[in-house]
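Undergrad: These protein sequence lines are chains W and E, in that order.
Start counting the first sequence at 1; every next residue gets the next number (UniProt numbering).
Start counting the second sequence at 1; every next residue gets the next number (UniProt numbering).
In short, the hints are calculated from the structure, not lab data.
It cannot be assumed that every hint is accurate.
No copy is singled out in the list; a pair is fine if it fits within one copy or between any two copies.
No more than 20 Å apart at the CA atoms, straight line, and that leaves these computed lysine to aspartate or glutamate pairs for DMTMM-like [to be verified]:
1. Lys-311 <-> Glu-269
2. Lys-107 <-> Glu-269
3. Lys-66 <-> Glu-137
4. Lys-297 <-> Glu-269
5. Lys-66 <-> Asp-31
6. Lys-69 <-> Glu-116
7. Lys-69 <-> Glu-206
8. Lys-297 <-> Glu-161
9. Lys-311 <-> Asp-257
Number of protein chains: 2
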Amino acid sequence: MITLDTIRAAHDRIRPHIHHTPVLTNQTLNDRTGASLFFKCENFQKIGAFKARGGLNAVLQVVDTKAGKAVATHSSGNHAQAVAYAARQVGLPAYIVMPRTAPQVKKDAVRGYGAEVIECEPTQAAREAGVQTIIDETGAVLVHPYDDEWVIAGQATAATELITDFGQPPFDLILTPVGGGGLLSGTALATHFLSPTTRVIGCEPEGAADAVLSFQSGQVESAPYIDTIADGLMARLSDRTLGYIRQHVSAILTVPDADIIAAMRLVWERMKIIIEPSCAVTLAVVLRYPDQFAGKKVGVILTGGNVDLGKLPF
Amino acid sequence: MITLDTIRAAHDRIRPHIHHTPVLTNQTLNDRTGASLFFKCENFQKIGAFKARGGLNAVLQVVDTKAGKAVATHSSGNHAQAVAYAARQVGLPAYIVMPRTAPQVKKDAVRGYGAEVIECEPTQAAREAGVQTIIDETGAVLVHPYDDEWVIAGQATAATELITDFGQPPFDLILTPVGGGGLLSGTALATHFLSPTTRVIGCEPEGAADAVLSFQSGQVESAPYIDTIADGLMARLSDRTLGYIRQHVSAILTVPDADIIAAMRLVWERMKIIIEPSCAVTLAVVLRYPDQFAGKKVGVILTGGNVDLGKLPF
Numbered sequence: 001m002i003t004l005d006t007i008r009a010a011h012d013r014i015r016p017h018i019h020h021t022p023v024l025t026n027q028t029l030n031d032r033t034g035a036s037l038f039f040k041c042e043n044f045q046k047i048g049a050f051k052a053r054g055g056l057n058a059v060l061q062v063v064d065t066k067a068g069k070a071v072a073t074h075s076s077g078n079h080a081q082a083v084a085y086a087a088r089q090v091g092l093p094a095y096i097v098m099p100r101t102a103p104q105v106k107k108d109a110v111r112g113y114g115a116e117v118i119e120c121e122p123t124q125a126a127r128e129a130g131v132q133t134i135i136d137e138t139g140a141v142l143v144h145p146y147d148d149e150w151v152i153a154g155q156a157t158a159a160t161e162l163i164t165d166f167g168q169p170p171f172d173l174i175l176t177p178v179g180g181g182g183l184l185s186g187t188a189l190a191t192h193f194l195s196p197t198t199r200v201i202g203c204e205p206e207g208a209a210d211a212v213l214s215f216q217s218g219q220v221e222s223a224p225y226i227d228t229i230a231d232g233l234m235a236r237l238s239d240r241t242l243g244y245i246r247q248h249v250s251a252i253l254t255v256p257d258a259d260i261i262a263a264m265r266l267v268w269e270r271m272k273i274i275i276e277p278s279c280a281v282t283l284a285v286v287l288r289y290p291d292q293f294a295g296k297k298v299g300v301i302l303t304g305g306n307v308d309l310g311k312l313p314f
Numbered sequence: 001m002i003t004l005d006t007i008r009a010a011h012d013r014i015r016p017h018i019h020h021t022p023v024l025t026n027q028t029l030n031d032r033t034g035a036s037l038f039f040k041c042e043n044f045q046k047i048g049a050f051k052a053r054g055g056l057n058a059v060l061q062v063v064d065t066k067a068g069k070a071v072a073t074h075s076s077g078n079h080a081q082a083v084a085y086a087a088r089q090v091g092l093p094a095y096i097v098m099p100r101t102a103p104q105v106k107k108d109a110v111r112g113y114g115a116e117v118i119e120c121e122p123t124q125a126a127r128e129a130g131v132q133t134i135i136d137e138t139g140a141v142l143v144h145p146y147d148d149e150w151v152i153a154g155q156a157t158a159a160t161e162l163i164t165d166f167g168q169p170p171f172d173l174i175l176t177p178v179g180g181g182g183l184l185s186g187t188a189l190a191t192h193f194l195s196p197t198t199r200v201i202g203c204e205p206e207g208a209a210d211a212v213l214s215f216q217s218g219q220v221e222s223a224p225y226i227d228t229i230a231d232g233l234m235a236r237l238s239d240r241t242l243g244y245i246r247q248h249v250s251a252i253l254t255v256p257d258a259d260i261i262a263a264m265r266l267v268w269e270r271m272k273i274i275i276e277p278s279c280a281v282t283l284a285v286v287l288r289y290p291d292q293f294a295g296k297k298v299g300v301i302l303t304g305g306n307v308d309l310g311k312l313p314f
């Protein structure tokens with residue numbers, strides 16, 4: 001089980017390698033929503049996303065416990081860069097299995113951190129088999145993108161900073177996106193320990209609505225369909241993340257892609273910062289369900305800013 | 001003449017209405033340039049650009065001295081929004097003459113601040129005549145975008161914050177774009193008073209290269225041709241701004257548009273913040289003339305982030 005001490009130890013472990021990211025506010029967005037919004041800018045984090053926190057905590061733990069002489073994962077997204085970056089920081093080899101169809105720019109970014117990219121067919125089975133082969137051959141330790149206590153404890157440090165920097169009186173609500181549930185779990189745990197009166201809400205695209213169903217049923221469910229611009233939020237929960245979320249999260253709210261794109265554009269235009277589609281789902285929820293947020297102090301974790309500028313949705 | 005007291009009084013006057021903007025750094029850009037770059041983020045300023053500072057100082061001065069019951073200007077850019085915003089803050093009517101060909105989104109933004117937009121033919125003569133008519137009819141006071149001591153003193157407050165927040169040892173260099181020269185003049189004056197060992201460099205597009213010629217000749221020159229994506233930097237210097245620049249600026253360096261676009265993209269991708277083309281000319285200069293900046297501590301004023309997301313150059 002993750003305790004406050006686990007999270008604090010994670011924070012101490014990763015602190016030399018991460019940014020303590022700023023919290024921004026915006027008058028126009030406050031006027032528009034009637035809420036007081038406080039945006040924790042993990043788009044300014046190392047590798048451009050909060051995933052650096054969890055990846056670092058897991059990789060540093062591998063080093064501290066001498067669990068292995070390399071790390072491996074499969075990912076086509078920010079977690080791939082996070083593990084590659086973390087491994088470079090500590091001098092471990094990293095093997096990243098990526099679908100051969102992943103954008104060249106993402107493969108290049110991972111290689112830019114010195115990791116080895118192993119291409120595979122673009123199926124979940126091929127990705128998992130590819131990683132297993134690497135582990136068997138090299139003795140690398142798997143760093144799962146979310147179904148991992150070290151990763152979750154690392155992701156919890158974003159909310160820890162947000163809550164600690166904010167001081168009193170506490171937030172009414174804290175919002176994060178939910179994909180596999182690592183960030184939402186970590187955020188809910190940190191909030192439970194550090195700001196117990198604050199409610200945590202997970203925000204999910206309608207086109208990858210597994211978490212809202214799992215939250216209701218108590219079992220890991222699949223999304224009815226997968227079709228969303230939020231490519232970082234397509235994964236299902238695990239038993240582990242569902243457990244933390246059922247225990248410490250108040251609600252999961254969903255929004256359609258049109259709302260996500262509109263919210264993303266609003267942040268770009270009004271806050272002058274770059275966020276990726278998966279990151280915009282939180283503000284989209286605030287705009288879609290205004291009655292739940294008006295008059296409230298709301299912490300929002302902006303998760304990442306890695307977009308392909310050649311393929312913008314507007 | 002503008003003194004340190006003038007600038008400090010301007011800062012006190014406008015402080016309740018502006019953001020004290022943050023200074024960001026970026027490891028990738030430092031590695032790439034060999035310099036230590038400190039970016040003063042006026043793209044996060046009210047109205048999305050530093051122009052809010054000068055506009056406010058001038059408009060507040062009109063109120064303090066009872067110089068008139070309204071303000072007027074002609075602009076199709078950030079100065080129009082700055083004057084409109086400033087006038088709304090103090091409850092004065094504002095009349096903004098804009099070419100009828102200006103983008104609807106810019107006219108709407110000005111109207112959104114409660115100012116009256118007067119459309120004119122898209123020529124300099126029509127703009128000036130339009131403003132004169134307004135002044136004659138309403139008794140409004142002209143707020144010139146740069147040929148104005150109050151405006152220059154207001155723009156000087158950006159460098160004042162940058163220098164004061166940075167502390168010791170001082171910057172080796174501070175860079176700003178140069179169009180009409182209001183920001184460059186204010187920056188050079190503030191730096192002269194507060195950090196006299198720091199050199200100030202103006203950065204100009206090759207496609208609007210009037211300031212570099214005027215700096216050499218000592219007279220206000222026209223650009224050989226006007227053709228640049230940096231639409232905020234097309235104006236010529238005035239005798240006033242040329243005087244300040246000749247006195248306190250070390251050099252003016254020019255860059256082609258391809259460099260400006262590449263620098264803009266680099267900031268978007270690496271810093272995850274939105275800057276407009278006119279704002280990217282400073283980093284473009286650092287990248288084009290690396291020998292002048294390697295190993296140096298360089299303050300860079302990021303001037304604005306107002307871009308039409310539907311018309312990006314990449």
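Undergrad: All hints, please: hold or fail.
TA: How the hints compare with the structure:
{"no.": "1", "hint": "Lys-311 <-> Glu-269", "in the structure": "both (17 Å within a copy, 13 Å between copies)"}
{"no.": "2", "hint": "Lys-107 <-> Glu-269", "in the structure": "between (29 Å within a copy, 16 Å between copies)"}
{"no.": "3", "hint": "Lys-66 <-> Glu-137", "in the structure": "within (18 Å within a copy, 81 Å between copies)"}
{"no.": "4", "hint": "Lys-297 <-> Glu-269", "in the structure": "neither (23 Å within a copy, 31 Å between copies)"}
{"no.": "5", "hint": "Lys-66 <-> Asp-31", "in the structure": "neither (52 Å within a copy, 32 Å between copies)"}
{"no.": "6", "hint": "Lys-69 <-> Glu-116", "in the structure": "within (14 Å within a copy, 68 Å between copies)"}
{"no.": "7", "hint": "Lys-69 <-> Glu-206", "in the structure": "neither (41 Å within a copy, 53 Å between copies)"}
{"no.": "8", "hint": "Lys-297 <-> Glu-161", "in the structure": "within (16 Å within a copy, 29 Å between copies)"}
{"no.": "9", "hint": "Lys-311 <-> Asp-257", "in the structure": "within (16 Å within a copy, 22 Å between copies)"}
The structure fails to meet hints 4, 5, 7 from the earlier list, while all remaining hints are met.
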